[in-house]
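Asks: Listed below are the residues making up each chain.
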Amino acid sequence: MISSVSCPVIDQAPAGPGIFTIRLKAPVLAAEAKPGQFVHVRTADGIDPLWRRPFSIHRVDRRRGILLLSYRRIGRGTSLLAGRTAGDTIDLLGPLGKPFDTAGRFDKAIIVAGGLGIAPVPFLLDALRKEGKRAVVLWGVRSKAEFFCLEALRGRKTAIHIATEDGSEGFHGRVTDLFGRLAAEFTAGSGFSGFACGPMPMLKTLQPLAAASGFPWQASLEERMACGVGVCQGCVVRMKNRQYRTVCADGPVFDLAELDFND
Amino acid sequence: MISSVSCPVIDQAPAGPGIFTIRLKAPVLAAEAKPGQFVHVRTADGIDPLWRRPFSIHRVDRRRGILLLSYRRIGRGTSLLAGRTAGDTIDLLGPLGKPFDTAGRFDKAIIVAGGLGIAPVPFLLDALRKEGKRAVVLWGVRSKAEFFCLEALRGRKTAIHIATEDGSEGFHGRVTDLFGRLAAEFTAGSGFSGFACGPMPMLKTLQPLAAASGFPWQASLEERMACGVGVCQGCVVRMKNRQYRTVCADGPVFDLAELDFND
Amino acid sequence: MTDLSVRIAGLALKNPVLTASGTFGYGTEYAGYFDISLLGGIATKTVTLEPREGNPMPRLAETPGGMLNSIGLANVGIERFLSEKLPALEGLDTRVIVNVAGNTAEEYAEVTSRAAAHPRVDAIEVNVSCPNVRHGGLAFGTNPAATAEVTAAVRAATSKPVIVKLTPNVTDITEIARAAEAAGADALSLINTVLGMAIDIETRRPLIARRTAGLSGPAIKPIAIAKVYQVRQAVKLPLIGIGGIMRWQDAVEFLLAGATAVQTGTLHFVEPDGPVRVVEGIRRYSEEKGVASVTELVGALSE
Amino acid sequence: MTDLSVRIAGLALKNPVLTASGTFGYGTEYAGYFDISLLGGIATKTVTLEPREGNPMPRLAETPGGMLNSIGLANVGIERFLSEKLPALEGLDTRVIVNVAGNTAEEYAEVTSRAAAHPRVDAIEVNVSCPNVRHGGLAFGTNPAATAEVTAAVRAATSKPVIVKLTPNVTDITEIARAAEAAGADALSLINTVLGMAIDIETRRPLIARRTAGLSGPAIKPIAIAKVYQVRQAVKLPLIGIGGIMRWQDAVEFLLAGATAVQTGTLHFVEPDGPVRVVEGIRRYSEEKGVASVTELVGALSE
Ligand SMILES: Cc1cc2nc3c(=O)[nH]c(=O)nc-3n(C[C@H](O)[C@H](O)[C@H](O)COP(=O)(O)OP(=O)(O)OC[C@H]3O[C@@H](n4cnc5c(N)ncnc54)[C@H](O)[C@@H]3O)c2cc1C
Ligand SMILES: Cc1cc2nc3c(=O)[nH]c(=O)nc-3n(C[C@H](O)[C@H](O)[C@H](O)COP(=O)(O)OP(=O)(O)OC[C@H]3O[C@@H](n4cnc5c(N)ncnc54)[C@H](O)[C@@H]3O)c2cc1C
Ligand SMILES: Cc1cc2nc3c(=O)[nH]c(=O)nc-3n(C[C@H](O)[C@H](O)[C@H](O)COP(=O)(O)O)c2cc1C
Ligand SMILES: Cc1cc2nc3c(=O)[nH]c(=O)nc-3n(C[C@H](O)[C@H](O)[C@H](O)COP(=O)(O)O)c2cc1C
Ligand code: FES
Ligand code: FES
Chain A
139 MISSVSCPVI
149 DQAPAGPGIF
159 TIRLKAPVLA
169 AEAKPGQFVH
179 VRTADGIDPL
189 WRRPFSIHRV
199 DRRRGILLLS
209 YRRIGRGTSL
219 LAGRTAGDTI
229 DLLGPLGKPF
239 DTAGRFDKAI
249 IVAGGLGIAP
259 VPFLLDALRK
269 EGKRAVVLWG
279 VRSKAEFFCL
289 EALRGRKTAI
299 HIATEDGSEG
309 FHGRVTDLFG
319 RLAAEFTAGS
329 GFSGFACGPM
339 PMLKTLQPLA
349 AASGFPWQAS
359 LEERMACGVG
369 VCQGCVVRMK
379 NRQYRTVCAD
389 GPVFDLAELD
399 FND
Chain B
139 MISSVSCPVI
149 DQAPAGPGIF
159 TIRLKAPVLA
169 AEAKPGQFVH
179 VRTADGIDPL
189 WRRPFSIHRV
199 DRRRGILLLS
209 YRRIGRGTSL
219 LAGRTAGDTI
229 DLLGPLGKPF
239 DTAGRFDKAI
249 IVAGGLGIAP
259 VPFLLDALRK
269 EGKRAVVLWG
279 VRSKAEFFCL
289 EALRGRKTAI
299 HIATEDGSEG
309 FHGRVTDLFG
319 RLAAEFTAGS
329 GFSGFACGPM
339 PMLKTLQPLA
349 AASGFPWQAS
359 LEERMACGVG
369 VCQGCVVRMK
379 NRQYRTVCAD
389 GPVFDLAELD
399 FND
Chain C
3 MTDLSVRIAG
13 LALKNPVLTA
23 SGTFGYGTEY
33 AGYFDISLLG
43 GIATKTVTLE
53 PREGNPMPRL
63 AETPGGMLNS
73 IGLANVGIER
83 FLSEKLPALE
93 GLDTRVIVNV
103 AGNTAEEYAE
113 VTSRAAAHPR
123 VDAIEVNVSC
133 PNVRHGGLAF
143 GTNPAATAEV
153 TAAVRAATSK
163 PVIVKLTPNV
173 TDITEIARAA
183 EAAGADALSL
193 INTVLGMAID
203 IETRRPLIAR
213 RTAGLSGPAI
223 KPIAIAKVYQ
233 VRQAVKLPLI
243 GIGGIMRWQD
253 AVEFLLAGAT
263 AVQTGTLHFV
273 EPDGPVRVVE
283 GIRRYSEEKG
293 VASVTELVGA
303 LSE
Chain D
3 MTDLSVRIAG
13 LALKNPVLTA
23 SGTFGYGTEY
33 AGYFDISLLG
43 GIATKTVTLE
53 PREGNPMPRL
63 AETPGGMLNS
73 IGLANVGIER
83 FLSEKLPALE
93 GLDTRVIVNV
103 AGNTAEEYAE
113 VTSRAAAHPR
123 VDAIEVNVSC
133 PNVRHGGLAF
143 GTNPAATAEV
153 TAAVRAATSK
163 PVIVKLTPNV
173 TDITEIARAA
183 EAAGADALSL
193 INTVLGMAID
203 IETRRPLIAR
213 RTAGLSGPAI
223 KPIAIAKVYQ
233 VRQAVKLPLI
243 GIGGIMRWQD
253 AVEFLLAGAT
263 AVQTGTLHFV
273 EPDGPVRVVE
283 GIRRYSEEKG
293 VASVTELVGA
303 LSE
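Chains as they are written, first to last, in the numbering used here: chain A, 139 to 401; chain B, 139 to 401; chain C, 3 to 305; chain D, 3 to 305.
Misleading hints may appear alongside valid ones.
Think about it this way: if two alpha-carbon atoms lie no more than 35 angstroms apart in a straight line, the pair counts; the simulated DSBU-like pairs of lysine-lysine are [stated by the list, open to error]:
(1) C:K87 - B:K342
(2) B:K342 - B:K378
(3) A:K236 - C:K291
(4) A:K378 - C:K87
(5) B:K271 - B:K378
(6) A:K342 - D:K291
(7) D:K87 - B:K378
(8) C:K87 - B:K282
(9) B:K172 - D:K87
(10) D:K87 - B:K236
Derived by calculation from the structure, the hints in this document are not laboratory data.
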């Protein structure tokens, strides 16, 4: 069941340039959350800012009842969050949204992430590993200075490819170009399944490439959110069948092929 | 000159039940402030709350450039202020308002304070001592549990009388009753001058007693304030000549005899 | 123990706290978060004859102490509302108010008669903030005659209580309130959102696709209190106060201004179970003040 | 270097940031806090023919993201304004706009001709939010004909630029804007405060003696942006945007919505030197965006 809970901060540390990872004591959330879901976080106790802020679940430690979020400080809400320290408590609503389907009939996951879209990937990888599945992560950032949480991405059954727009590390270009370059290796019928997390323009560029891959793709979207639970109808996205779906409740994970980016 | 300055917090400590004393590094303010003046404090960096909050200057340490405020935590602004610790900075506007006149031709000050109206009294006493004047403080509180800063009130040239409404210490009753009881000791023509700080009802009750005393009285008022500098005309008080005066700029210290409490 | 029950147009509510249209879905979305039967009632998202997909994206923006929405009348239409949404409310011990709208007075009447025919529906709330297609697109609720026309049509379509929901975007709200009263409204609810706009200075685009949108949240509370107070002096009908209620204290403010009940809206997005806390706060306040019935607070300003 | 200067009705301002009436005294009160010559101009507290003491206390209340004021037209009267207040502005290198009001159109005209006769006065701003004693006490500015009447009277009383300051408390602000334009206004400023109210639930008294009051501050910014945007489509006159500007970003939002200049108000109470920071922010933004003249931003929404 979804609930609004007050969670003690265990600790918080910088994880990269302007990026923080916060660890929260949240046993129920940690137990129930699935990768791709998010929490809706109250960053102020007054009205400034008024709305909660959505963050993907970065990782969970079920045994210890710990939930991790990784986020970039960009405005008032994330600045207030970055100011929280051990001993403070934070009001979370969650777990929210439809998770990635990791149980499907595939044995190799291709994960394409852009920028902060990497945030839910460690949790996704943990789940894939538990299912005995292998994964290849393609992560695109502007520059290698933006890296964080790389350790969480590496692992026995995971390969990682980096794309930087400035060429400071790995492939020089966008992550969708990198995917295009490697696409031949990921062929349909060999048990692949695709996962994409990143900004809308990345997903839009990826859509035809993903269609050409021949295997199914799940994509996680972001939209400005008020309620976060499907009530206000404020965060809708257009589907190929012309209908609107809410990102917060019908998503944030959708079948990439069904999204209509031309709206 | 009045200015808006960002002052480092030196430290902050509870001084009584729900009462805090904060010490700020504010050399210019400490040098220029006079007793009875106040500072207008920004308690939030956003809009919650929107207005600054006015606080009397509790005391200054000119040599070390330190300014002290003593306040009760009652709402959001004072709660935010109570959360500030060493290393934080606070934006102060001041010194504001007309101070007490301590230089006049008197040699004994009678100070009547109600509740938190005691806040500016230590600074006033320091100034009186510097002028070689003696003082008698009459302080009324609901119960002795509300005492704070008593040390700052005691001193070589100062006598202190306490009134508690519940009789838990000193005189059993209101401070204005206590003044009435002692009034015979404070006679006109023996170099007395009166100072009153407290809520409006106390000042109103005191006004006729003060008039009967035969010596002059200065009273410090409180009103809800927006600008704090005489611009918005929002904090006016009616004078006996029927004119309005701003508490923030024409006051907060007024000639008690000139105030019209019947408006 | 204070009696928290109130009556709005003959309708008994167990307490004066309802949820506002468009901020509580069709009543069940928040069912997982708290027991909805603790509330006085719920007002549904506006329902129209045909399904509507609502406005283009973006539809939401945050503003200082408030928010803009331009959801439009996105809804499943009366047909699917009755068959798919209403049944889920059967077991709930709370009042169900269906908020209705249409392009013409006839459409208002038709959706009303279909909704009100259902036994689970306790009352109709009329959203007059819709553009009046016949009169140049200005909202029905900005014109006394158009408000009266819609009110009369809805009135004729049902014998259940009719609550007309007023827009604040008018020069003189008391004129509209009187028109609704004269045309047969049983109660008034106010306010709907305030017209507003915000611009992204980086993209230079309005933050809302439709440019102007509806402002709600704590920022508008003083506006709503003023309107309730003004309308209280102008009509005899019971009022439901809406606008920026975030804490129980705000709800009490509306009661004192003259509202018999309140609706919470934007609050839900911050605290899903906020309305229950509002009920509890009103109870505590009333008991502390020795109030036997919460109705004693209605319009009870001191001199 | 971006050219920050703008023209409002023939009046050249060194930059588009002015201070709003009633929030900057008679122009000198804040002189100790910063160099007022850094601003494009100042609008004085409303001046009337006779001195006025203003409304009873309490006159102020804080609200979520905003504030209520009911100062009334407390002012020293045109006589003392000219003899005691204006001389202090002589040395300042900034524009002086005298905000005027009266009980009748004739009073508006008379205070205007006396103010405008003084060489230090650069323009007249007409506060039409005053109760119209002849027409049932509703504000002049809520009625197109009354707005036109006052505007025409002021227009006839001076050849200096006449800026009419619009109230937001109307159904259709474009109608009022067009009336002012037709009656000879050179520019419009908007918005004045929004009608609001707040109640102390402990004392059960309105927090403001006069009960309803004027809401200002960040809470009303989206309302003001919407009004500027609407009026921009309706008239050709230059607009001065007012309402809730707390940061330079807010000022840029008003420019993009269609204002040629802005006024800051409630901001001063939080940051006395706030308007100077707004000027600096507009300058930085314009330079970053490669804007040669700040006028390029006016109404420059992208498609
Ligand atoms: C389902 C979901 C999951 C998310 N997961 C993460 C995560 O794991 N880590 C993370 O760092 N962020 C994540 N985000 C984005 C995060 O919610 C925003 O960064 C945050 O709300 C910004 O709040 P703020 O108050 O600091 O910034 P604001 O002051 O609200 O905004 C600052 C600037 O950022 C822009 N902005 C605000 N929200 C977004 C957004 N959603 N996307 C892009 N730009 C935005 C604003 O328009 C503004 O220009 C997620 C968003 C969604 C919808
Ligand atoms: C010139 C001046 C000097 C002051 N000096 C001191 C001081 O030295 N120490 C101190 O503790 N306080 C002092 N005050 C009062 C202080 O400013 C208020 O307590 C403070 O503004 C409350 O802020 P808040 O946000 O915590 O409370 P809010 O949330 O603003 O208010 C909480 C409750 O307290 C009431 N309240 C708010 N302001 C006042 C006020 N001025 N007087 C009485 N009730 C009020 C409100 O109506 C509300 O019911 C002074 C006030 C003035 C005008
Ligand atoms: C996202 C959203 C959607 C809304 N949809 C409707 C609606 O469909 N019909 C309606 O009458 N009011 C609608 N409203 C207005 C609310 O019912 C309410 O009148 C308004 O939000 C003011 O209350 P608040 O400040 O508590 O939110 C909507 C408000 C919001 C925020
Ligand atoms: C305390 C106060 C006094 C005001 N007095 C006047 C006035 O005398 N004449 C006038 O035209 N506007 C007056 N206003 C309105 C402001 O000029 C401005 O239009 C309004 O406050 C909105 O701007 P803001 O949100 O930036 O404050 C006053 C506003 C405040 C807050
Ligand atoms: S944020 Fe409300 S429906 Fe998604
Ligand atoms: S608070 Fe503005 S004049 Fe005193």
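Asks: Next step is simple, just say for each hint if it's right about the structure.
Replies: Right, here's what the structure says about each hint:
Taking the CA atoms of C:K87 and B:K342, the gap is near 63 angstroms; set against the 35 angstroms cutoff, the hint is violated. At most 35 angstroms may separate the alpha-carbon atoms for a hinted pair to count; B:K342 and B:K378 meet this at roughly 13 angstroms. Only pairs whose Cα atoms come within 35 angstroms are accepted, and A:K236 paired with C:K291 is rejected, the gap being roughly 47 angstroms. At roughly 25 angstroms between alpha-carbon atoms, A:K378 and C:K87 fall within 35 angstroms of each other, so this suggested pair holds.
About 30 angstroms separates the Cα atoms of B:K271 and B:K378, which keeps this hinted pair within 35 angstroms; it holds. Restraint check for A:K342 and D:K291: the C-alpha separation of about 28 angstroms stays at or below 35 angstroms, so the hint holds. With a C-alpha separation of about 25 angstroms, the suggested pair D:K87 and B:K378 falls inside the 35 angstroms cut-off, and the hint holds. In summary, the hint linking C:K87 to B:K282 is not supported, as the alpha carbons are separated by about 61 angstroms, beyond the 35 angstroms threshold.
Distance hint between B:K172 and D:K87 is fulfilled; the C-alpha atoms sit about 28 angstroms from each other, no more than 35 angstroms. Between D:K87 and B:K236, the direct Cα distance comes to roughly 21 angstroms. Compliance with the 35 angstroms bound is thereby established for this hinted pair.
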